[in-house]
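Given the sequences, and given the hints that come with them, work out the whole structure.
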Amino acid sequence: MNDKEFAAVAAHVHDARKPLNRISMQAELVKMALDGDVPVERAKEALDKIIVSTKDCSDALTQMMDALSDSQSES
Amino acid sequence: MLTVLLVDDDPEFTDVACTIIEFLGHEVLTAANLEEARDWLTKESFDHVLLDFMLPDGSGVHLFDELDALGKRPRVTLITGHPSVRGIIKGLCGPNIDYLVKPIQREEIEAVLAGKTDIQAQSTGSKIKKYFGHLIGESKSMKELYKLIERVSRTSANVMLLGESGVGKEVVAEAIHAASDVEGPYIATNCGAFSKELIGSELFGHEKGAFTGAVGRKSGVFEQAENGTLFLDEITEMPIDMQPNLLRVLENKVVIRVGGTKTIPVNCRVVSATNRTMEAIAESKVLREDIYFRLAVFPITIPPLRERKEDIALLATAFIDELNRENETQFRWKEGQLETLKEYDWPGNVRELRHFVHRAAIMSDPDKTELDLPKTIESPFAKKQSTTPALQAGRTIEDVEKELIYATLEKVNGNKTLAAEMLGISTKTLYNRLHAYGDLSKDD
Numbered sequence: 001m002n003d004k005e006f007a008a009v010a011a012h013v014h015d016a017r018k019p020l021n022r023i024s025m026q027a028e029l030v031k032m033a034l035d036g037d038v039p040v041e042r043a044k045e046a047l048d049k050i051i052v053s054t055k056d057c058s059d060a061l062t063q064m065m066d067a068l069s070d071s072q073s074e075s
Numbered sequence: 001m002l003t004v005l006l007v008d009d010d011p012e013f014t015d016v017a018c019t020i021i022e023f024l025g026h027e028v029l030t031a032a033n034l035e036e037a038r039d040w041l042t043k044e045s046f047d048h049v050l051l052d053f054m055l056p057d058g059s060g061v062h063l064f065d066e067l068d069a070l071g072k073r074p075r076v077t078l079i080t081g082h083p084s085v086r087g088i089i090k091g092l093c094g095p096n097i098d099y100l101v102k103p104i105q106r107e108e109i110e111a112v113l114a115g116k117t118d119i120q121a122q123s124t125g126s127k128i129k130k131y132f133g134h135l136i137g138e139s140k141s142m143k144e145l146y147k148l149i150e151r152v153s154r155t156s157a158n159v160m161l162l163g164e165s166g167v168g169k170e171v172v173a174e175a176i177h178a179a180s181d182v183e184g185p186y187i188a189t190n191c192g193a194f195s196k197e198l199i200g201s202e203l204f205g206h207e208k209g210a211f212t213g214a215v216g217r218k219s220g221v222f223e224q225a226e227n228g229t230l231f232l233d234e235i236t237e238m239p240i241d242m243q244p245n246l247l248r249v250l251e252n253k254v255v256i257r258v259g260g261t262k263t264i265p266v267n268c269r270v271v272s273a274t275n276r277t278m279e280a281i282a283e284s285k286v287l288r289e290d291i292y293f294r295l296a297v298f299p300i301t302i303p304p305l306r307e308r309k310e311d312i313a314l315l316a317t318a319f320i321d322e323l324n325r326e327n328e329t330q331f332r333w334k335e336g337q338l339e340t341l342k343e344y345d346w347p348g349n350v351r352e353l354r355h356f357v358h359r360a361a362i363m364s365d366p367d368k369t370e371l372d373l374p375k376t377i378e379s380p381f382a383k384k385q386s387t388t389p390a391l392q393a394g395r396t397i398e399d400v401e402k403e404l405i406y407a408t409l410e411k412v413n414g415n416k417t418l419a420a421e422m423l424g425i426s427t428k429t430l431y432n433r434l435h436a437y438g439d440l441s442k443d444d
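Protein chains in written order, with the numbering used here: chain A, 1 to 75; chain B, 1 to 444.
Each statement offered as a hint is correct.
Not the full set, but computed from the structure, chain A residues with beta-carbon under 7 angstroms of chain B: (1) 17; (2) 21; (3) 22; (4) 24; (5) 25; (6) 28; (7) 29; (8) 37.
Treat the hints as calculated values from the structure; they're not laboratory data. Given the structure is predicted, the values throughout are model-derived calculations rather than measurements. Cβ coordinates follow ideal geometry from the N, Cα and C atoms, glycine included.
Okay, here's the thing in C-alpha cells:
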C-alpha cells in the first residue's frame, strides 16, 4: 500500500470511527436511563441514534471497500 | 460543582456528554469551535475545559495561550478520536492537562473531572500492577506504604508525606486521592514556588482589585479542591509569616480571599509533603509546631529507592513500557542491564531512575529492541554516595579534619553533642574547632 492509499484508508477509518464513538456515548445514555438517572425517553432516542450510527458505520466501511477495490483495479 | 466548557464539533457527542456532566452535578457550556470557545472564555470562568484535539478552525492546542493568560487556569482534558495521536497528546500533557481517547465512557469523564486520571492507561493494560492506579513496587516497604494509604483513605485525616527528593511524594498524594471515596478533584500546588506576596492568593484566592494585577476574581486552591484532595508540596518552604493564615484555614475550615471579607467554607483533605526529616523540621523551625500537628495527623515516610532495590526492575520496565507506548518503540531490558541498575544507589530516587531510562531510550536505536546504557551511571547528586577525595595526597590534615567535622554535623542535623560523640572528641573540642573555622560566635 502506497502513501496515497494509506491516507485514503485512514480517512475511511476516521469516518467509520465517528459513528462508533457516537454509539458508545449513546450506550452510556441508555445505561443511565436503565439506572433511572435520565428519563426513559432519552434511552429510546439514544437507541434510535445507535441504529442510525450503525448504518453510518456500515456505509463508511462499504465506501472504504469500494475505494480499495477501485484502487486495486487501477493498479 | 465545577463549571465545565466542552469544546467539540460533534453535536451528538456534546449532547450526550453534557447529559453525563450535568448528571454528575456540574454546570456545562459548549462550544463547537475555537472561536466559540474563545468567546466563552471572555465571558465565564471555568474549572475544567474538555477540549477536542481537532476542531474545524484549528487544533484545540491553539486555545492553550488564552487559557494560560487567564487568572485562574482551568484544568484541561484533551479529547481525540484518533488513537494514533495519543503519543503527541500525551507529550502535551502536564500536571494540569489530561487526555481521553474516544470512545469515552462515563466513568472516564467522571474520573477526569474528579482529577483521577490514568483510567485509560490502566485499561490499555500494562502487565505491571499499579497500586491505587499510581504506585509501582512489590517490596516489603511499599506493601507497608499501601497498607497506610488504604487505612488513611478511609478517613478524612490530613497526611504529611516525608521522604527524600524524587521518591514520588506527589504520586503517593495522587494515590491517596484515588483510594479515597471523594467526589471533588485533586489539586496540587507547590508552596516553594510562590513569593510571599503571591502565596496568599494561590492558597486562598483573591478578589478583583485586591492588589496590582488582580484584574479578576480568583479562587484559591482550597476552594478548587472542594470535597477533594489538596496537595501542598514543599510545605516547609512556605514563608513562616504566612503560616498563621494557613493554620486559621486548617482550624476553622473557612477561607477569606485576599482583599475580601466574606468567609467561604472549605472542605478538603490536605496532603502536604517535604523532603526534610521530622527531626530537621523540629530543629530548623521552618514549620510552626501548631501547623505541623494539623498537617501531620497521619505522617507517612516514603522509602528511598536504595531501600527497595527489588522494585528497580519493575519501575525500569514500567518506564520503558510507557516510553514504548508513547514513541511506538519496542525496547526491552536485558536481565544483565536490570542487574546493573540495581547495583546503583539512585540518590535522586525514582525521578533519577525515570530520567535515566528516558535518556537511555533517546540514545538507543528506535528500530531495535536493545537499549544502549551509558558505561557508568552518574549523577551530580551522587557525591555523597561516592568516596569523597578526602584522602587524596596533597591535602592538609586540618583540611581533612574540617571536612570530616562538617560531614558529621550534617549527618546528625547539626547536633553538636552527637557529632562530638561520633567524632570521638569532647564537645568542648568540637566547639573550639568550630570557633577556629569562624562558624560560631563567642557566645555559642
